[in-house]
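Chains U and D are the protein sequences, given in the same order. Quick note: the first sequence uses my numbering, first residue 53, plus one each step. Quick note: the second sequence uses my numbering, first residue 2, plus one each step.
Among these hints, one or two may not hold up.
[Said to hold, decoys possible] With a straight-line cut-off of 30 Å between C-alpha atoms, the simulated DSS-like cross-links for lysine-lysine are:
#1 D:Lys193 x U:Lys134
#2 U:Lys169 x D:Lys97
#3 U:Lys169 x D:Lys48
#4 U:Lys122 x D:Lys97
#5 U:Lys245 x U:Lys122
#6 U:Lys130 x D:Lys97
#7 U:Lys134 x U:Lys254
#8 D:Lys48 x U:Lys130
#9 D:Lys97 x U:Lys181
#10 D:Lys173 x D:Lys193
#11 U:Lys134 x U:Lys169
#12 D:Lys48 x D:Lys193
#13 D:Lys93 x D:Lys193
#14 U:Lys130 x D:Lys47
#15 U:Lys130 x D:Lys28
#16 U:Lys136 x D:Lys48
#17 U:Lys134 x D:Lys89
#18 U:Lys134 x D:Lys38
#19 D:Lys92 x U:Lys130
#20 D:Lys28 x D:Lys193
The set of hints was computed from the structure by calculation and includes no laboratory data.
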Amino acid sequence: MSGIFEYNGGSIVGMKGKNCIAMACDRRFGQQMSTITTNYQKVFKIQDNILLALSGLNTDIHTFYALMEKEINLYNLKENRKMKPTTFANLVASALYERRFGPFFVTPIVAGLENGKPILATYDSIGCKSDLDDFQVGGTGGNYIYGACEAFFKPDMNPEELEEVIGQSLVSGCDRDALSGWGGVVYVLTEQKLTVKILKTKQT
Amino acid sequence: MTDFALTTFSSKGKLLQIEYALNAVAKGDTAIGIKAKNGVVLVVEKKQSSILVEESSVQKVSLLTDNIAATYAGLGPDFRVLAQQARKLVKKYDLKYQEEIFVQTLSRELAEDVQVATQRGGIRPFGVSILIAGYDEEGPHLVQLDPSGAYYSWKATAIGKQAKNAKAFLEKRYNADMEIEDAINTALLTLKEGFEGQITPTNIEVGVIRDDHVFRILPPSQVKDYLEELE
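Starting from the given sequences, assemble the full structure and let the hints guide the process.
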């Protein structure tokens, strides 16, 4: 088991734009060198204005997502209102820390729009939240994606530009990482809508 | 060792322990709450049993968090325990969501603790009715929480000895366009109506929250000014 975070592989990236946010992920579900499926979902719509991307051990991706779904549903029913993206971002941190000594092997990214303002937060697997940057990466191809982000990113991009930049960054990264790829999905969220686009990466 | 509930149904379908708890509340010092357009006020009698009592050490309006406070009618120590539990609930919520808790949410969660005391083995119901006043994102709120665990949102209400008369008085005086300053005056007038003896800045307690979301318990000097205005 050389690295529990490397067992399934996968990469995610989140970016802030001008009154919009984007999230992208690869589609591979593998078990070390073997690829099992090429349509595994790693970005989830938690609410109309909140996206959650997860990378790491796939079973924990699935379980942690289910846990967050449960939390937000109960919150909606109890409090009779929607959850704010910043509140959800804090909830993720608390939920991760709750498992401090038996953690979820995931590195989440939360992105959302709060009153039109872009929100982006990333965490380590035990809930250290960081919401200081305009783009964040996660997963086995993370570092490769960073390089492309640093090169292409500029602040306050409109949704079309953002989609292009995040797509290119994801693809460059995944093509260089053996454990990520087999397609990419880009989500762009604005006040009006959420667009989802499927990208082709090197089919390997 | 009691695993069985002390509060059990009578043949008429009543929970007598809760009725008796409400009796204890009805004997308690009057507390009044009024919700205005832009704030909430809580006013409570603080009459001491003897002139030797250090009046300033008695606190009947307790802050639960920056923007929510509560007062009561009934057994003081029971209120103290519930206020502390409420503060912990606020902090628990804060740790999880890092967000200001809504007054309705806090009321509901505290009500759960109060209800448990009417059903769990070996414990008695709380002998207080609590008035929770706060200003959150939704606006001003005034909530009454009873020993049964039932909670009600009010525009204006009174609990304790003078509750009935005070509520009748409030029904005539209340209007939805009230601003917080009017509400404070009305609350003091209402308390004065049924007050035994002379009302002074030290034998009552006044707490106010405005749209700045900060609950303040007024010092006697400010209470004095409001009382003088009533003249």
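**Message:** Output the indices of the hints that this structure fails to meet, ascending.
**Reply:** 1, 3, 7, 8, 13, 14, 15, 16
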